[in-house]
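J.: One-letter residues, chain by chain:
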Amino acid sequence: SNGIGMQDFVRMYNHLSERCFSDCVNDFTSRTTTTKEQGCVGRCVQKFVQLSQRVGQRFSEQQALQAEQQAAAAAAGTR
Amino acid sequence: SNGIGMQDFVRMYNHLSERCFSDCVNDFTSRTTTTKEQGCVGRCVQKFVQLSQRVGQRFSEQQALQAEQQAAAAAAGTR
Amino acid sequence: SNGIGMQDFVRMYNHLSERCFSDCVNDFTSRTTTTKEQGCVGRCVQKFVQLSQRVGQRFSEQQALQAEQQAAAAAAGTR
Amino acid sequence: QFQQQQALAMAEQELEAFSDLFSRMTHGCWTKCIANNYADGSLAKGETVCIDRCVAKFAEVHTRIGQSLAEMQQAQQGAAPAAPQ
Amino acid sequence: QFQQQQALAMAEQELEAFSDLFSRMTHGCWTKCIANNYADGSLAKGETVCIDRCVAKFAEVHTRIGQSLAEMQQAQQGAAPAAPQ
Amino acid sequence: QFQQQQALAMAEQELEAFSDLFSRMTHGCWTKCIANNYADGSLAKGETVCIDRCVAKFAEVHTRIGQSLAEMQQAQQGAAPAAPQ
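Residue numbers (the numbering used here), protein chains in the order written: chain A, 1 to 79; chain B, 1 to 79; chain C, 1 to 79; chain D, 1 to 85; chain E, 1 to 85; chain F, 1 to 85.
By construction, these hints were calculated from the structure, which means they are not laboratory data.
Backbone N, C-alpha and C fix where the C-beta goes; we use that ideal spot for every residue, glycine too.
Hints should not be assumed to be uniformly reliable.
As the list claims (entries may be wrong) - Label pairs and their in silico Cβ distance ranges:
| hint | chain 1 | residue 1 | chain 2 | residue 2 | range |
| --- | --- | --- | --- | --- | --- |
| 1 | F | Glu12 | D | Glu14 | 37 to 45 Å |
| 2 | E | Lys45 | F | Ala9 | 17 to 25 Å |
| 3 | B | Gln66 | A | Ala71 | 22 to 30 Å |
| 4 | E | Ala35 | F | Met10 | 28 to 36 Å |
| 5 | E | Ala75 | A | Gln66 | 51 to 59 Å |
| 6 | B | Asn26 | E | Glu12 | 39 to 47 Å |
| 7 | E | Gln77 | B | Leu65 | 28 to 36 Å |
| 8 | F | Gln5 | A | Gln66 | 35 to 43 Å |
| 9 | B | Gln63 | E | Lys45 | 38 to 46 Å |
Unchecked claim - The calculated lysine to aspartate or glutamate pairs, modelled on EDC-like cross-linking and capped at a C-alpha distance of 16 Å, are:
| hint | chain 1 | residue 1 | chain 2 | residue 2 |
| --- | --- | --- | --- | --- |
| 10 | E | Lys32 | E | Asp52 |
| 11 | B | Lys36 | D | Glu60 |
| 12 | F | Lys32 | A | Glu68 |
| 13 | C | Lys36 | E | Glu60 |
| 14 | F | Lys32 | A | Glu18 |
| 15 | E | Lys32 | B | Asp23 |
| 16 | A | Lys36 | F | Glu16 |
| 17 | F | Lys32 | C | Asp23 |
| 18 | F | Lys32 | A | Glu61 |
| 19 | A | Lys36 | D | Glu60 |
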């Protein structure tokens with residue numbers, strides 16, 4: 001179970017690198033990132049972390065609500 | 001083996017949700033889907049199921065044909 | 001460990017088929033590929049293999065360099 | 001002990017299914033709600049509102065699709081007698 | 001018994017490879033043959049014809065690429081003596 | 001023996017992480033550096049130069065992002081005392 005969490009983290013991290021690289025790096029005239037690209041990558045990561053936390057919160061609220069409704073429906077069904 | 005089938009189904013189901021959501025839902029002025037979006041999602045799912053069954057049929061026909069040809073070639077080779 | 005290498009190869013192979021198909025095949029008036037499409041697929045594969053080898057080489061050089069720098073930094077830290 | 005192993009395997013599968021869904025949802029709502037230029041490092045007010053609605057709508061679509069798939073499966077098994085087990 | 005385990009592991013890998021290929025093929029033919037607006041819930045005649053050809057072409061491309069990869073690998077191992085199993 | 005199994009599991013995870021990263025890097029640099037028409041079967045001079053820089057920049061971005069994530073995690077755990085392993 002600890003291993004699965006690690007694997008998910010690694011995939012998220014690699015995916016984030018791919019997306020921020022793809023969206024922010026477009027200049028291949030040098031081997032190192034420009035200041036502009038670094039800024040873009042930084043903001044890309046910050047936004048993603050906030051987005052990801054927000055999606056997680058809202059989604060678990062949603063799940064809890066749904067579980068409640070199902071329980072209520074089941075209770076009504078057995079009556 | 002039963003477990004693998006389940007995992008494939010789950011991935012297909014999640015992938016389908018992602019694609020139909022991405023293609024059909026574009027209005028974020030409310031928290032619930034519009035009638036138009038619901039219709040689009042419904043047709044998206046129907047089409048995908050038909051597509052998926054057709055691809056499966058054609059692909060297995062193809063595989064069977066290929067296996068036959070390989071067997072014929074092998075038989076010719078050993079002669 | 002042998003199995004993991006095989007799995008990576010299979011995914012790479014399937015991914016390559018998907019990409020070269022998507023980039024090269026656009027004519028669905030017949031059931032077999034045209035000479036033009038075959039040529040495109042062939043060049044697509046050749047390019048990918050060269051790209052993939054080059055990325056592998058450069059990336060491992062990069063990794064080696066980074067490991068050296070970390071070792072140097074660690075050595076400086078313990079001094 | 002065999003049952004325990006099965007229960008563990010099922011829990012792992014459920015976790016993986018959930019994690020896959022969460023990642024697709026995050027990815028989908030990124031595409032729908034976040035401007036690609038990353039002018040700012042924090043979420044704008046409009047972006048947070050959009051994300052909340054996007055999660056609700058994605059979850060709704062996911063549930064609807066699950067229901068459709070179940071209905072189609074039942075319709076296909078239709079006349080055929082239910083398999084034991 | 002070790003051999004049985006190996007055979008099982010290989011069969012599982014083959015199944016996974018096949019399932020991965022099938023999913024990419026479905027995805028690819030969706031993009032090539034299905035209109036994005038989903039005006040109708042069933043496949044149009046033109047779409048079914050396109051899907052049949054798409055599957056045939058995808059399978060052909062997949063086979064061709066497998067042959068190319070095998071040839072390249074042989075060419076690279078070239079002069080080198082074949083490694084004993 | 002339990003430690004050996006753990007070490008093996010960690011090595012496998014590392015290998016998978018590396019393989020996933022390598023595949024994303026290859027994919028990303030393909031998109032950035034290779035013209036889509038495949039007019040020629042070998043890499044053009046401009047393409048090889050682009051690939052070398054693309055790998056360097058991708059690796060740099062990956063490292064930077066890892067550092068950012070670590071910093072954010074530390075900032076969040078902030079005042080809270082470190083949990084005993």
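J.: Are the hints correct? Go through all of them and say.
T.: Okay, the hints, checked on the actual structure:
{"no.": "1", "hint": "F/Glu12 x D/Glu14: 37 to 45 Å", "result": "23 Å, violated"}
{"no.": "2", "hint": "E/Lys45 x F/Ala9: 17 to 25 Å", "result": "53 Å, violated"}
{"no.": "3", "hint": "B/Gln66 x A/Ala71: 22 to 30 Å", "result": "52 Å, violated"}
{"no.": "4", "hint": "E/Ala35 x F/Met10: 28 to 36 Å", "result": "48 Å, violated"}
{"no.": "5", "hint": "E/Ala75 x A/Gln66: 51 to 59 Å", "result": "57 Å, holds"}
{"no.": "6", "hint": "B/Asn26 x E/Glu12: 39 to 47 Å", "result": "40 Å, holds"}
{"no.": "7", "hint": "E/Gln77 x B/Leu65: 28 to 36 Å", "result": "31 Å, holds"}
{"no.": "8", "hint": "F/Gln5 x A/Gln66: 35 to 43 Å", "result": "39 Å, holds"}
{"no.": "9", "hint": "B/Gln63 x E/Lys45: 38 to 46 Å", "result": "25 Å, violated"}
{"no.": "10", "hint": "E/Lys32 x E/Asp52", "result": "12 Å, holds"}
{"no.": "11", "hint": "B/Lys36 x D/Glu60", "result": "14 Å, holds"}
{"no.": "12", "hint": "F/Lys32 x A/Glu68", "result": "48 Å, violated"}
{"no.": "13", "hint": "C/Lys36 x E/Glu60", "result": "14 Å, holds"}
{"no.": "14", "hint": "F/Lys32 x A/Glu18", "result": "12 Å, holds"}
{"no.": "15", "hint": "E/Lys32 x B/Asp23", "result": "15 Å, holds"}
{"no.": "16", "hint": "A/Lys36 x F/Glu16", "result": "32 Å, violated"}
{"no.": "17", "hint": "F/Lys32 x C/Asp23", "result": "15 Å, holds"}
{"no.": "18", "hint": "F/Lys32 x A/Glu61", "result": "40 Å, violated"}
{"no.": "19", "hint": "A/Lys36 x D/Glu60", "result": "39 Å, violated"}
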